[in-house]
Amino acid sequence: MTRTLKELFIKNILLLFALVSVIILGLIVLFLFLEGLPVFEVVSVADFLFGLEWYPTYDPPDYGIWPLIVGSLVVTFFAALLAIPLGVLSAVYIAELAPGPVKEIFKPLVELLAGLPSVVLGFFGMAVVAPLLQNTFNLPTGLNIVNASLILAFMAVPTIASITEDALYSVPAEFKEASYALGATKAETIVNVVMPAALSGIATAVMLGMARAIGETMVVLMVAGGAAAVPESIFDPVRPMPASIAAEMGEAPVGSIHYHALFATGIVLFFMTLAFNLAADYISERFRETGSGTL
Amino acid sequence: MKRRYLKQHLFLLTVRGSALLIALAICGFFIFIFVRGYGVISWEFITEAPRDMMTKGGIMPAIIGTLYLTLGALAVALPLGVLAAVYLSEYAKEGRLLRFIRVGIRCLAGVPSVVFGLFGLGLFVVRFGFGSSILAGSLTLGFLILPTIIGASEEALKAVPRTFREASLGLGVSKWQTTTRIVMPNALPGILTGSILSIGRAAGETAPIMFTAAAFFTASLPKSIFDEVMALPYHIYVLATAGTRIAETRPIQYGTVLVLVGLVFGINIIAILLRSRARKTKRW
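Which chain is which? The protein sequence lines are A and B, in order.
Heads up: the first sequence runs through residues 1 to 295, numbered per the working numbering.
Heads up: the second sequence runs through residues 1 to 284, numbered per the working numbering.
Just chain A, same shape as in the assembly (with noise of 0.2 Å):
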């Protein structure tokens, strides 16, 4: 009896520990909101998220964010115009066309790419990329969303790659065998069937690289160039939500409107990637392949 009551214990105990993940999130979006809804003391809902002017700093002080999340949307699309294509595009080569020496290089290539600290590569778009940016298409700065876009897609592609490799791998191979005994090509076979099956496992890579681009910090916090402005042009800098944040949280004194106004910035930045994420839960789960039965 002592046992199976000891056993009990140590099993709500477990439990617990199990539910900090939950408590921790249940904590990062308490405190958002605790921190970052003061400031709809002194502006509206409305104006905070539509407002045109970020100018936390003047006298009176503008808090609309409305550039700060083109900003980031901006840079997310570009990045993934670059980004689907090449991540999507690699796996196929690995998972279809690479022959086993070449895979054995390739792949962990890629995997040390997505280990890369993103400090250093905002670090390479700021000492590389902008010069040359500058210098080709003669600009007043290299910093801009065209720079921001490249690295991020940079750093999107890994994700997407192996995540997208992954599932191509889980297409039966039934199907292809199929394919080719209808005497289609390989292109056809890839195209028509393989990535078809795999759509699912695809669009939650996808999903996935975007919300790891639309989160991430360093890169746009280096390279993005930091204006307030909605852009006019793709050589325009401009300043998504995350740079804003890590640029001005060190200045903004704790308790201020301005510290509150960057904690409310969090809680729209964290509720776009949860719907990534989201997303891609929803995908994978809806979507589900399970065999050759399901399709």
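Incorrect hints may appear among the rest.
Result set (EDC-like, lysine to aspartate or glutamate): computed pairs, CA atoms no more than 16 Å apart in a straight line [unchecked claim]:
{"no.": "1", "chain 1": "A", "residue 1": "LYS11", "chain 2": "B", "residue 2": "GLU94"}
{"no.": "2", "chain 1": "B", "residue 1": "LYS56", "chain 2": "B", "residue 2": "GLU44"}
{"no.": "3", "chain 1": "B", "residue 1": "LYS56", "chain 2": "B", "residue 2": "GLU248"}
{"no.": "4", "chain 1": "B", "residue 1": "LYS158", "chain 2": "B", "residue 2": "GLU90"}
{"no.": "5", "chain 1": "A", "residue 1": "LYS11", "chain 2": "B", "residue 2": "GLU90"}
{"no.": "6", "chain 1": "B", "residue 1": "LYS175", "chain 2": "A", "residue 2": "GLU7"}
{"no.": "7", "chain 1": "A", "residue 1": "LYS186", "chain 2": "A", "residue 2": "GLU174"}
{"no.": "8", "chain 1": "A", "residue 1": "LYS176", "chain 2": "A", "residue 2": "GLU96"}
{"no.": "9", "chain 1": "B", "residue 1": "LYS158", "chain 2": "B", "residue 2": "GLU94"}
{"no.": "10", "chain 1": "B", "residue 1": "LYS2", "chain 2": "A", "residue 2": "GLU96"}
{"no.": "11", "chain 1": "B", "residue 1": "LYS7", "chain 2": "A", "residue 2": "GLU188"}
{"no.": "12", "chain 1": "B", "residue 1": "LYS175", "chain 2": "B", "residue 2": "GLU90"}
Footprint (simulated), chain B over chain A, 3 or more residues, beta carbon under 8 Å [claimed, not checked]:
{"no.": "13", "segment": "168 to 181"}
{"no.": "14", "segment": "185 to 199"}
Honestly, the hints are just simulated from the structure, not real lab data.
Note that CB positions come from ideal geometry on N, CA and C, so glycine has one too.
Based on the hints, put chain B in the right spot on chain A.
What follows is chain B alone, placed relative to chain A:
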């Protein structure tokens, strides 16, 4: 017929081209970082503190700071993560509660690093009054890597064959003893691999420590866990963006980048070697 082969050719060319482009970009990037940083690194660079407004000297305090922060993060995340994984793999039953916990872990894994920074600032630095310190930074980084450690540990625990557990339980051993004496020792290499990989991630993170632990310059090495520290990633960021001596400190920046990249990859390689050794000596 001809058009089909042309199409096939074009498609395969695009796929190969994309892979080649990525491979070249990655190789080019690493070669560039290595070439620029290699000449800067010397014994003095690793063992001395910065001098003359950061333009001379080394980065020793930043290396030490990063070591403290990553070890601190591991001390926070490893016990929490392993015990959570034990629950998920050995004790939990399918159902609402388990799904709830899993969604929580996945969402935590998706929280942007700068939001972790905000959380650490709000809770540890301000509310708990730790100030910007090793303690606050380690806690923040620890919670950041917690989902990774849970994931890796759970996978390692699940890889232990069922028969091991059944044999033990069949002898009348209790579940907890089976878990601690049979399952966990066999899962240890896998747990270690995952943990080491997550240390690599913690070492390179910048945004979570910016407001919770990192200092631009400290006159002396930290004496307690309530002191601020310099850290490699933050050092790179500050030297590259702040102040008027960006051009002068550029060599030091490249050197620091190479040290950080070397450190992170060194950690990853240790994990990979450990994994392949564990696979060879596996007893099942």
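Practice prompt. Sort out which numbered hints this structure fails and list those numbers smallest first.
Written response: As far as the earlier hints go, 10, 13 are violated by this structure, in ascending order.
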